[in-house]
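Trainee: If you read the protein sequences in the order shown, they are chains H and D.
The opening position of the first sequence corresponds to residue 100 in my numbering, with each subsequent residue numbered one higher.
The opening position of the second sequence corresponds to residue 7 in my numbering, with each subsequent residue numbered one higher.
Calculated from the structure, these hints are not laboratory results.
By construction, the Cβ of each residue, glycine as well, lies at the ideal position given by its N, Cα and C atoms.
One should not assume that every hint holds.
Per the computed footprint, the stretches of chain D lying under chain H, defined by three or more beta-carbons under 8 Å from a beta-carbon of chain H, are [stated by the list, open to error]:
hint	stretch
1	28-39
2	45-52
3	57-71
4	174-186
Okay, derived cross-link-like pairs now, DSBU-like style, lysine-lysine, Cα gap no bigger than 30 Å in a straight line [stated by the list, open to error]:
hint	chain 1	residue 1	chain 2	residue 2
5	D	K151	H	K114
6	H	K114	D	K205
7	D	K106	D	K73
8	D	K192	H	K114
9	D	K192	D	K205
10	D	K192	D	K106
11	D	K205	D	K151
12	D	K108	D	K151
13	D	K73	D	K108
14	D	K73	H	K142
15	D	K151	D	K192
16	D	K106	D	K205
17	D	K106	D	K151
18	D	K73	D	K192
19	D	K108	H	K114
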Amino acid sequence: MKKPIDSEDFAAQAKGAFDDSVERLDAAALSRLNQGRHAALAKLASGNSKARWMRWVPAGGVAAIALLTVLVMRAPEIENMPVEVASDFEILLDGESLEMFENLEFYSWMDDVDLDAGGNVG
Amino acid sequence: MDLIEANTGYFAVSCKREPSTEAGTLQRERQLNQFLAEVERRALRIAEIAVRDRDEALDLVQNAMIKLVSNYASRPQDEWTPLFYRILQNGIRDWHRRQKVKNRVMVWFGRGKSDGDEYDVVAAAPDLAGRSPEQELQTGQAMQKLEVAVHALPGRQREAFMLRTFEGLDVAGTAVAMGCSEGSVKTHYSRAVHSLREKLGEHWQ
Chain H
100 MKKPIDSEDF AAQAKGAFDD SVERLDAAAL SRLNQGRHAA LAKLASGNSK ARWMRWVPAG
160 GVAAIALLTV LVMRAPEIEN MPVEVASDFE ILLDGESLEM FENLEFYSWM DDVDLDAGGN
220 VG
Chain D
7 MDLIEANTGY FAVSCKREPS TEAGTLQRER QLNQFLAEVE RRALRIAEIA VRDRDEALDL
67 VQNAMIKLVS NYASRPQDEW TPLFYRILQN GIRDWHRRQK VKNRVMVWFG RGKSDGDEYD
127 VVAAAPDLAG RSPEQELQTG QAMQKLEVAV HALPGRQREA FMLRTFEGLD VAGTAVAMGC
187 SEGSVKTHYS RAVHSLREKL GEHWQ
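Could you build the full structure based on these sequences and the hints that come with them?
Mentor: Structure representation (structure tokens):
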């Protein structure tokens, strides 16, 4: 019968299992990491990524104010919205989230498939 | 060289910057390349365990690399590891927040499950890592069990456990990476280990 492991042994075993899984990363993942690293290092050479990002601040601010104004005007209809609404809209205003609205039909389909197949998609 | 210490009460990070010359920039680029090459694989696995999605994890790691290079390349090299993981952990937290917001929006549109705001869309999602059954076997049963158990931990406990155990950061480095006190790191880590041992059993592996 195996002896129960203590916390230090447990951490060492967990670290061993983790390191093992790191070693087994496939070539596709390693290639994408390599590309990501070089893309990041290219920023050091250009050195203007911050300046480029700053150009979008005024546009983002205007969009946020416009959306907030619409929400305030519709306040009675949305009084039951969650209290996290301000931070939610901040998140929803980023590009990735806007993509979600474009793909709303796809998410609806996924939701239907998920309900029909008990969560096994693909 | 000027050295200014910004003590926030939780941890101290130096504002020391290296001199910037052309030769210095090239050397820095080499050092950054080496640092990122050393850290990227473990970072990917840590992010993957946190979000349970290989592609999302790759994006998170790449964003952390870009932010580190763009904003902190001139910081002393020994600060890069905790800074990199701080950026990565912030990215992971933002990712989880986005998932919750997306779920709330789906509920709003009448498409989501209305189990309340605490519904965990990440935990309920199928494994999208795209691993084949062969790869699943290779990953090893023990690691799979550990991954699931670590993913299920509360966020701060998961961060403390992965940074201390998987990345091997000390308590001070973990505190910088998590943006909290060393005492909090010890508490989160201890609770994480206790919870994992309870979940996985005394004879795990």
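Trainee: Give a verdict on every hint.
Mentor: Checked hints:
For the stretch 28-39 of chain D, the stated coverage by chain H is satisfied: 5 residues place a CB nearer than 8 Å to a CB of that chain, which reaches the threshold of 3. Using a Cβ-Cβ cut-off of 8 Å, 5 residues of the stretch 45-52 of chain D lie near chain H, which meets the minimum of three, so the contact claim holds. Counting residues of the stretch 57-71 of chain D whose beta carbon lies closer than 8 Å to any beta carbon of chain H gives 5, which reaches the threshold of three, so the coverage claim holds. By the rule of at least three residues with a Cβ nearer than 8 Å to a Cβ of chain H, the coverage given for the stretch 174-186 of chain D is violated, with 1 such residues.
At roughly 14 Å between alpha-carbon atoms, D/K151 and H/K114 fall within 30 Å of each other, so this suggested pair holds. For the suggested pair H/K114 and D/K205, the alpha carbons sit about 17 Å apart, so the restraint of at most 30 Å is met. Straight-line distance between C-alpha atoms of D/K106 and D/K73 comes to about 24 Å, which keeps the hinted pair within the 30 Å bound. Note on D/K192 and H/K114: the hinted pairing holds, with a Cα-Cα distance of about 18 Å set against a maximum of 30 Å.
Straight-line distance between C-alpha atoms of D/K192 and D/K205 comes to about 20 Å, which keeps the hinted pair within the 30 Å bound. Between D/K192 and D/K106 the CA atoms are separated by roughly 28 Å; this keeps the pair inside 30 Å, and the hint holds. The suggested pairing of D/K205 with D/K151 holds, with an alpha-carbon distance near 10 Å, which does not exceed 30 Å. With a CA separation close to 28 Å, the supplied pair D/K108 and D/K151 stays within the 30 Å bound.
The hinted pair formed by D/K73 and D/K108 meets the criterion: a straight-line CA distance of about 25 Å does not exceed 30 Å. Our distance criterion of 30 Å between C-alpha atoms is met by D/K73 and H/K142, whose separation comes to about 9 Å. For the proposed pair D/K151 and D/K192, the alpha carbon gap of about 24 Å is at most 30 Å, so the pair holds. A threshold of 30 Å between alpha carbons decides the hint, and for D/K106 with D/K205 the separation of about 25 Å falls inside it, so the pair holds.
This hinted pair checks out: D/K106 and D/K151 have alpha carbons roughly 25 Å apart, not beyond 30 Å. Using a Cα cut-off of 30 Å, the hinted pair D/K73 and D/K192 holds, with the two alpha carbons roughly 28 Å apart. Between D/K108 and H/K114 the alpha-carbon distance is near 34 Å, which puts this suggested pair outside the 30 Å criterion.
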